[in-house]
Structures are given as C-alpha cells and as structure tokens.
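Q: Sequence:
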Amino acid sequence: MAEHKEDNIGEEQRVSPEIKACVFSVGERVFSLPIENLLEIAELEEVAPLPLSPDYIDGIAHHRGEAIPVLNLETVFGIEEKASLHRWLLIVRIGGELVGLSLNNMPDLSYDFSGEVIDPYRFFESYRIR
339 MAEHKEDNIG EEQRVSPEIK ACVFSVGERV FSLPIENLLE IAELEEVAPL
389 PLSPDYIDGI AHHRGEAIPV LNLETVFGIE EKASLHRWLL IVRIGGELVG
439 LSLNNMPDLS YDFSGEVIDP YRFFESYRIR
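Numbers in our numbering are just positions in the sequence shown, counted from 1, shifted up by 338.
Each hint should be verified, as a subset may be incorrect.
To be verified - Between beta-carbon pairs, the in silico distance windows are:
{"#": "1", "residue 1": "Glu-383", "residue 2": "Glu-356", "range": "25 to 33 Å"}
{"#": "2", "residue 1": "Leu-447", "residue 2": "Leu-390", "range": "18 to 26 Å"}
{"#": "3", "residue 1": "Tyr-394", "residue 2": "Pro-355", "range": "14 to 22 Å"}
{"#": "4", "residue 1": "His-424", "residue 2": "Tyr-394", "range": "17 to 25 Å"}
{"#": "5", "residue 1": "Ser-448", "residue 2": "Ala-380", "range": "12 to 20 Å"}
{"#": "6", "residue 1": "Ser-448", "residue 2": "Leu-388", "range": "29 to 37 Å"}
{"#": "7", "residue 1": "Ala-421", "residue 2": "Ile-357", "range": "24 to 32 Å"}
{"#": "8", "residue 1": "Asp-393", "residue 2": "Arg-367", "range": "26 to 34 Å"}
{"#": "9", "residue 1": "Glu-378", "residue 2": "Phe-415", "range": "42 to 50 Å"}
{"#": "10", "residue 1": "Lys-358", "residue 2": "Gly-433", "range": "16 to 24 Å"}
{"#": "11", "residue 1": "Leu-423", "residue 2": "Glu-463", "range": "27 to 35 Å"}
{"#": "12", "residue 1": "Asn-443", "residue 2": "Leu-390", "range": "23 to 31 Å"}
{"#": "13", "residue 1": "Glu-366", "residue 2": "Gly-403", "range": "31 to 39 Å"}
Since the hints were made in silico from the structure, they are not lab data. The beta carbon of each residue, even a glycine, is placed where N, CA and C say it ideally should be.
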C-alpha cells in the first residue's frame, strides 16, 4: 500500500496570488484600475440625469445611501456607445470621494494589470464634476 505524503509546506509559507487590478474593456480598448481604489462592482440600475453636466456624465446613481456621479467611459474615451442589456458600475474611491464608472461588459479582477492603466487620481481630477 502506497503512503500518501503530506505537503511539507507550512501554512505561513504558502503564498496566494494577490488580486492587483480590475480589468475591463471599453470598445476594443482594455484598461486596468488598481484594486485598492475599487470599492465595489454592481449592476447599474437607474441613473438620474444631471442637468447642465458635461456629456460624459450619465447622471447620478443612488447606491447604498450615497449619491454617486456616473461617468460614461465610452464618451470619455470617444468610443461609439453600443446598446447593452446590462450595464455595470465600478464604484471607485478616490481620496474621500466616490465616483461611478459605467461599463457595457462585466469587469474582471486580475492578478496583474492589462492594457492601459488608469491612474484614478489623475483621471478623477480631469473628469470630476466641479
């Protein structure tokens, strides 16, 4: 009868890969967002229009008692918007503020960055509501 050998690696020596990025596509372009800025991924339900806002602002989404401005990434990146049955909302924390990024495709959590890496602080500074 063959003996089953136990792994000699202790729990403290096992290293699990760490999720580093939220990876998503907008049109044919691929982007990554650092995971430390991602608060949540949710299905985008209702967005209230925000009069006189820039065209890249879809409006305001209410999520868990917070009013969050929602940026349309297709408009931000100049990509033709395609109709989608489901839209996703990346809720991003930048400093003490929240912003939502709307997507047509379900994002992935990844062990590494892919495509263009978004610096959330620079991005938010460029596209926030002033």
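Q: Take the hints in turn and mark each one as holding or not.
A: These are the hints, each one checked on the structure:
no. : hint                           : verdict
1   : Glu-383 to Glu-356: 25 to 33 Å : holds (31 Å)
2   : Leu-447 to Leu-390: 18 to 26 Å : violated (36 Å)
3   : Tyr-394 to Pro-355: 14 to 22 Å : violated (34 Å)
4   : His-424 to Tyr-394: 17 to 25 Å : holds (21 Å)
5   : Ser-448 to Ala-380: 12 to 20 Å : holds (19 Å)
6   : Ser-448 to Leu-388: 29 to 37 Å : holds (32 Å)
7   : Ala-421 to Ile-357: 24 to 32 Å : holds (31 Å)
8   : Asp-393 to Arg-367: 26 to 34 Å : violated (19 Å)
9   : Glu-378 to Phe-415: 42 to 50 Å : violated (22 Å)
10  : Lys-358 to Gly-433: 16 to 24 Å : holds (20 Å)
11  : Leu-423 to Glu-463: 27 to 35 Å : holds (33 Å)
12  : Asn-443 to Leu-390: 23 to 31 Å : holds (30 Å)
13  : Glu-366 to Gly-403: 31 to 39 Å : holds (36 Å)
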